[in-house]
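Dock chain B against chain A, hints included.
Protein sequences, first through last, are from chains A and B.
FYI, this note's numbering numbers position 93 of the first sequence as 93, with every residue one higher than the one before it.
The number in this note's numbering is simply the position in the second sequence, starting from 1, with 415 added.
Keep in mind that the hints were calculated from the coordinates and are not lab data.
Keep in mind that the hints are not guaranteed to be accurate.
[As the list claims (entries may be wrong)] Restricting the straight-line Cα-Cα distance to at most 25 Å, the calculated cross-link-like pairs of lysine to any residue (SDA-like) are:
(1) A:Lys5 <-> B:Gln423
(2) A:Lys307 <-> A:Leu388
(3) B:Lys417 <-> A:Thr160
(4) A:Lys250 <-> A:Ile214
(5) B:Lys420 <-> A:Asp195
(6) B:Lys441 <-> B:Ile751
(7) A:Lys26 <-> B:Gln503
(8) A:Lys250 <-> B:Leu418
(9) A:Lys2 <-> B:Asn539
(10) A:Lys26 <-> B:Glu476
(11) A:Lys20 <-> A:Asn124
(12) A:Lys20 <-> A:Asp378
(13) A:Lys26 <-> B:Leu485
[As the list claims (entries may be wrong)] Computed, partial: chain A to chain B, Cβ under 8 Å:
(14) Ile10
(15) Thr44
(16) Phe48
(17) Phe128
(18) Leu261
Each residue gets a CB set at the ideal place from its N, CA and C atoms; glycine is no exception.
Here are the chains, one letter per residue:
There are 2 protein chains.
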Amino acid sequence: MKLSKKIQGIQASPIRKFFKYTEAAKNAGKKVYFLNIGQPDIKTPPVFMEAIRNDGREIVEYGPSAGTPLMISAVQEYYRRYGMEFTQDEIIVTCGGSEALRFIVDCVCDEGDEIIIPEPFYTNYGAFIRASGGVIVPLTTTPENGYRYADRAAIDACVTPRSRALLLTNPGNPTGVVLSPEEMRLIGQAAKDHDLFIISDEVYREFVYDGKQITSFGQIPDIADRVILVDSVSKRFSACGARIGTVLSKNRDLLESLLKLAQSRLCAPTLDQLGSAALYRMDPGYFTEIRAEFEKRRDAAYEELSKIDGIVCMKPPGAFYITAKLPVENAEEFLIWLLREFDDGNETVMFTPAEGFYATEGLGRSEIRIAYVLNEQDLRRGIELIRLALSAYRRAGAPLRPACPASPDARTVPQ
Amino acid sequence: MKLSKKIQGIQASPIRKFFKYTEAAKNAGKKVYFLNIGQPDIKTPPVFMEAIRNDGREIVEYGPSAGTPLMISAVQEYYRRYGMEFTQDEIIVTCGGSEALRFIVDCVCDEGDEIIIPEPFYTNYGAFIRASGGVIVPLTTTPENGYRYADRAAIDACVTPRSRALLLTNPGNPTGVVLSPEEMRLIGQAAKDHDLFIISDEVYREFVYDGKQITSFGQIPDIADRVILVDSVSKRFSACGARIGTVLSKNRDLLESLLKLAQSRLCAPTLDQLGSAALYRMDPGYFTEIRAEFEKRRDAAYEELSKIDGIVCMKPPGAFYITAKLPVENAEEFLIWLLREFDDGNETVMFTPAEGFYATEGLGRSEIRIAYVLNEQDLRRGIELIRLALSAYRRAGAPLRPACPASPDARTVPQ
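Isolated chain A, as found in the complex (with noise of 0.2 Å):
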């Protein structure tokens, strides 16, 4: 029986590479601090279960293929809070944001066309674009000039005549970068000019930090027939076993294209879609209590950073991710390192290896993403011992990657 190359293609997830080492490390009784983490240790609203628990219905049925009618004034509402008006057959609920980029990929790619990524980017768009026969067109950013994207010449260069589409996500996973206003009009200039979509993936929507304005490419009304928002209740109200994502769009053909994706798997869970809906009428002020642990943590993580020699890194405005520069030659084979022979006081850390996140082969080895969920001091902690591992990796005769000089876009640590 023969296999499909597409999914051949796809690389299995990292995790499971490191899942060994991290096992041997805690069965050698050394403690692990797990920075590598996209699960938010914030806990779920209780507004969640309570609907779920207070519902009376006898039969577990389907709902309707777009999502239930009380899910989809919930999100209807919550646009309009951002001065977003979607018509209610504007928004599509689908079980997850990963399901909704699988669709919208689906829709806008046959064997061969191309999506233009800045990278690094979120590991499973790739796996969503190969599985769909898609090509990936790398927009390649560097940690020296902070991983920003917004540049004409660069996307120009990247657009051939198989483009059709932008997807980036903002705020960034892994980079926490967040689009200007005037980077998002130039963006959406860009797309108007070369005929794309922009697959905008706004999961990270409220993790805007230093008092900036919480912004959408659907806010931008010149461009509303070509922009798809990609939503969903996972790191918005830290409910991401729930499985509730939301597609957004102006663009009728498109969203009949994906409404026959959506009715083929006939709908998203009806008790997550009660519970997400409970999640979404919540007052507003939820998130400034959020906000503020997280840009808390965010300036933890970058200040404890700062301390490592060599590191290039800037202070990520929004998300919940730092990817960072360090000074070794392949950040892998130093986790496996730290993971087998480091320990500080029977303590050592985990992290992402950033090489995943880039589609061009051979970039991003010496950088790493930690996701700052933890509680401050644990975070404190775990890049403490990333600094400390370090100065042990380089005695201990570790190659090291030459210094390379900064951009002034980016803060960087003098070495």
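Chain B alone, transformed into the frame defined by chain A:
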């Protein structure tokens, strides 16, 4: 902006086409008996909601991509009861049987690869295959032959160098056909000879009547590496809105590919897995009562259908559908007429025209599917309305199907 050809090639749900007519009938004060719905009216066993209500977690977090250990163990134990032994890593939990099918098709189909499916078939198979760039090769069956498809010469005639798998529903939707052990062996041998996967959608497994044994393609050892089982809690436990399905396979390469797709969408809904595990842990005696209820309804539906002059229809041995050939040229036109023009005591009826279940152009035009998920009285009245309407339709001078001889396999009611 361009949209993908593959999604444009997918048919929109035919339900929408008739929605305006059922709405108009209801608005005109008619009572409509809906014989088109696949949502059972059986109550979801209370253990589902109890397991969720009693859960004390504070964060509705991601579960493992392959499924929660609790859910996987529950599925494993359920299969053990039918003499099938699967290790935990041979079981992957999905967002409904729909996602299971989508993943499987992605794993076996590159653009242009072929999947052989007995027609008439569950229409969403078409969407999954087209979305994947694959091609459906229909193995045509007929109402006169009782929709049976285990015909070696007919299967061989469908095979080409691009053939990758046989996909079948057993017990069947929309036909209710149940394979005999001999037929399963014949299909298994054909798959071996042509090196094909057998994708066996067994979501109606327990719905077999007349004292028949429950069988599965997972029970045939010599084809274990090529069998892919699809399963779901939707019909089995009347929990359609839970969106919990399963894939089971003993093919390591396939499992690895499936796991990559499962990882790319993170996980199936966490709470629904909790409830579904409780469903699978119920006493198997649960099915006895459900089966008796559906058998009674099937008998009632068949009895009523048998009163229709010129119908071609067998008594289906499984699932909860009957597909029948009506003495009309075009069942869709008849349905629209039923909803717009006909009433008996201000009542009319809705069924599913079967043409959409066929891939071959022009087939199935005289056929309809009814789902016997209503209580017996409503079911009998709904079918009576079809019978009364047919007489009126005849009198109105509607085009009738020419009579065709029945094969000895089919139970036909003489004209």
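Q: Hint by hint, work out which the structure violates, then give me just those numbers in ascending order.
A: Every hint satisfied by this model.
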